[in-house]
Amino acid sequence: MGLMPYHLEKGHFLLLLEDTLNEGIEAVVDNNSAITFPGLTRRYSMLEYMRGVVARPCDPVLGESEIGSSLMWPGWMTDADVGFGAFKAVAKEWFGYRIRPDGTLDTKPQPNKPTGMWDGYQGNVERIMANVFIRAIEVSLGMDHGDPLPSAAPPRSWPIYFFFKCQQPFFEGWVTWQCHSLNRRAAGQVTVMFATPGHNHPVSDHPVPIDNNHDNVDDLIPTLRSDGEFLEEPVTAYAHDTLGEPHQGVWVITHRDHKRLNVFDTSVPSAYLEWGPPLLPIIAPEDFREVVTVQPAALSGGINAEKPRYIAP
Amino acid sequence: MTEKERSFDLGTASEAVQKDIAGVLGAFLDGKFEREDIGTSTWRSDDSEFFAIRWRFVGKHVGFINGFGHTRIAPTQNNVSVSGLTLVQNRKPGQVVTDLDEVLKSGTLVFHRFIDWLAVFAQIGVLHLGRPMPIDDIRFIPPQRSLSRLPGYNDEHPDT
Numbered sequence: 000m001g002l003m004p005y006h007l008e009k010g011h012f013l014l015l016l017e018d019t020l021n022e023g024i025e026a027v028v029d030n031n032s033a034i035t036f037p038g039l040t041r042r043y044s045m046l047e048y049m050r051g052v053v054a055r056p057c058d059p060v061l062g063e064s065e066i067g068s069s070l071m072w073p074g075w076m077t078d079a080d081v082g083f084g085a086f087k088a089v090a091k092e093w094f095g096y097r098i099r100p101d102g103t104l105d106t107k108p109q110p111n112k113p114t115g116m117w118d119g120y121q122g123n124v125e126r127i128m129a130n131v132f133i134r135a136i137e138v139s140l141g142m143d144h145g146d147p148l149p150s151a152a153p154p155r156s157w158p159i160y161f162f163f164k165c166q167q168p169f170f171e172g173w174v175t176w177q178c179h180s181l182n183r184r185a186a187g188q189v190t191v192m193f194a195t196p197g198h199n200h201p202v203s204d205h206p207v208p209i210d211n212n213h214d215n216v217d218d219l220i221p222t223l224r225s226d227g228e229f230l231e232e233p234v235t236a237y238a239h240d241t242l243g244e245p246h247q248g249v250w251v252i253t254h255r256d257h258k259r260l261n262v263f264d265t266s267v268p269s270a271y272l273e274w275g276p277p278l279l280p281i282i283a284p285e286d287f288r289e290v291v292t293v294q295p296a297a298l299s300g301g302i303n304a305e306k307p308r309y310i311a312p
Numbered sequence: 000m001t002e003k004e005r006s007f008d009l010g011t012a013s014e015a016v017q018k019d020i021a022g023v024l025g026a027f028l029d030g031k032f033e034r035e036d037i038g039t040s041t042w043r044s045d046d047s048e049f050f051a052i053r054w055r056f057v058g059k060h061v062g063f064i065n066g067f068g069h070t071r072i073a074p075t076q077n078n079v080s081v082s083g084l085t086l087v088q089n090r091k092p093g094q095v096v097t098d099l100d101e102v103l104k105s106g107t108l109v110f111h112r113f114i115d116w117l118a119v120f121a122q123i124g125v126l127h128l129g130r131p132m133p134i135d136d137i138r139f140i141p142p143q144r145s146l147s148r149l150p151g152y153n154d155e156h157p158d159t
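Taken in order, these protein sequences are the chains called A and B.
Each step along the first sequence adds one to the number in numbering that gives the first Met the number 0, with nothing skipped, and position 116 is 115.
Each step along the second sequence adds one to the number in numbering that gives the first Met the number 0, with nothing skipped, and position 131 is 130.
Hints should not be assumed to be uniformly reliable.
What the hints assert, rightly or not - Partial list, computed: chain A residues near chain B (C-beta under 8 Å):
1) Asn211
2) Ser266
3) Pro268
4) Ser269
5) Ala270
6) Tyr271
7) Leu272
8) Trp274
9) Pro277
Unchecked claim - Far from chain A, some chain B residues (derived; all Cβ distances over 12 Å):
10) Glu4
11) Arg5
12) Ser13
13) Asp19
14) Asp29
15) Gly38
16) Trp54
17) Arg55
18) Val57
19) Gln88
20) Asp100
21) Lys104
It should be emphasised that the hints constitute simulated quantities derived from the structure, not laboratory data.
Computed from a predicted structure; not experimentally measured.
We put the CB at the ideal spot given by N, CA and C, even for glycine.
Modelling step: build the complete structure from the supplied sequences, incorporating the hints.
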């Protein structure tokens, strides 16, 4: 996992997952009678596989079985480097598994330790995510929960988008949907929001790089200013990427920088009954008047300027 | 010194701390003050006497807390254990105490309070979620788990 200095993040892994499940959906958007697209085949594959994942027995002490882990779904990104990087990140950091020297998984929960990188949290992230994938795909295709795979065209084919929102007390997956028209099969979308605990890196107090030490480096947002991917004050929300492919985007609008106020020393000597109450800090803007709009780079959890591509097996 | 008079000593300092705590924590915790013995903990420095009182106040959160973390926290009914160390600085060494309340009003005593507020916030639930939650939902894991830890995840399988 990278530094992830923002509360709301997408990043490379989720972009690739979207590309895996949405690839070719433009055909249905453009032609309502079109039935299949590459992403649909993978949704069917993932849906069947994840149903198997949640049907597995799970031991409260030994945890999930390595056999049939959702990580073994053959449709995950297949580019060797990306695939292995994502595999390692999800296995170790999201699910809290260890990868043995021979590449196999140790899935046993660690006693009294956080699950993966999630601070202060123990949970079965794999099982939650497998359920989220099942629900999201079913909703996107207009299937009732548990329905068998459609033999003909699914009632609808909505694109699926993913984000994760960190620093929540426990791990949740939110499946949301919007229908834009009942007359067209692809006129709608599913947006999945993973609400996750925080990981061991602070969220930046400022959405733009600020060079406090005058060393031309911002330790929290390691990106170049206005480099085409990260942008301050972006103007145009482009519908396509640099290669002319349909694309998406994300902007964050907030104060330029924040500070913490009112952190007092409660041990300052005082008279009888005159206590200094403990005060959690108030977060306040450095400049009350200044609001910025920022397009975070993928490195910081934003969206690539150029659409990442699913690489077919 | 008459029968009602006494010198200001460690025992008197402890009573002063108890009143100081009851007057503030007692406003929102229905609880009990306990002094924890750390031996003879008095010393003299410049023109003052110091008395160190280690204490614990255990009770139930039954009242509104104002100005606590900038919020007004409604009663959670959580059980809360507050621990702290108060140094009582007597700026009039040798003073005779007839009525402790009069001494407290006289301004000759100064309190240096070192309190584990982090644990209080955690027990009330304002730290983790930013909103109160019942104590049953809080897994509190002190360092010496075998002595005081509540039963929880993995306790049945300590070797796993």
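**OP:** Taking the shortest Cβ-to-Cβ distance between Trp54(B) and chain A, state whether it exceeds 12 Å.
**Re:** Since the minimum Cβ distance to chain A is about 14 Å, Trp54(B) lies beyond 12 Å and the statement holds.
**OP:** Measuring Cβ to Cβ, find out whether Asp100(B) lies farther than 12 Å from everything in chain A.
**Re:** violated, 9 Å
Original post:
Does the claim that Ser13(B) lies outside the interface with chain A hold up, using a Cβ gap greater than 12 Å?
Top reply: Holds, because the least Cβ-Cβ distance between Ser13(B) and chain A comes to about 14 Å, which exceeds 12 Å.
Subject >> Minimum Cβ distance from Asp19(B) to chain A greater than 12 Å, as the annotation requires >> reply: At roughly 6 Å from the nearest Cβ of chain A, Asp19(B) sits no farther out than 12 Å, so the non-interface label is violated.
**OP:** Let me know if the C-beta of Pro268(A) comes in closer than 8 Å to any C-beta of chain B, holds or violated.
**Re:** OK, holds: Pro268(A) within 8 Å of chain B, min 5 Å.
Original post:
Does Pro277(A) pass the interface check with chain B, least Cβ-Cβ distance below 8 Å?
Top reply: holds, 4 Å
Subject >> Non-interface claim for Arg5(B), where every Cβ of chain A lies beyond 12 Å >> reply: For Arg5(B), whose nearest Cβ neighbour in chain A is about 18 Å away, the distance exceeds 12 Å, so it holds.
**OP:** Mind verifying the non-interface call on Gln88(B)? Its CB should be farther than 12 Å from each CB in chain A.
**Re:** violated, 7 Å
Subject >> Minimum beta-carbon distance criterion (8 Å), Ser266(A) to chain B >> reply: holds, 5 Å
Subject >> Claimed clearance of chain A by Asp29(B), with the beta carbon kept past 12 Å >> reply: holds, 18 Å
Subject >> Supplied contact hint for Asn211(A), tested at 8 Å Cβ to chain B >> reply: violated, 26 Å
Original post:
At a threshold of 8 Å, is the proposed contact between Ala270(A) and chain B supported by beta-carbon distances?
Top reply: Holds. Min distance 6 Å.
Hints 1, 13, 19, 20, 21 from the earlier list are contradicted by this structure; the remaining hints agree with it.
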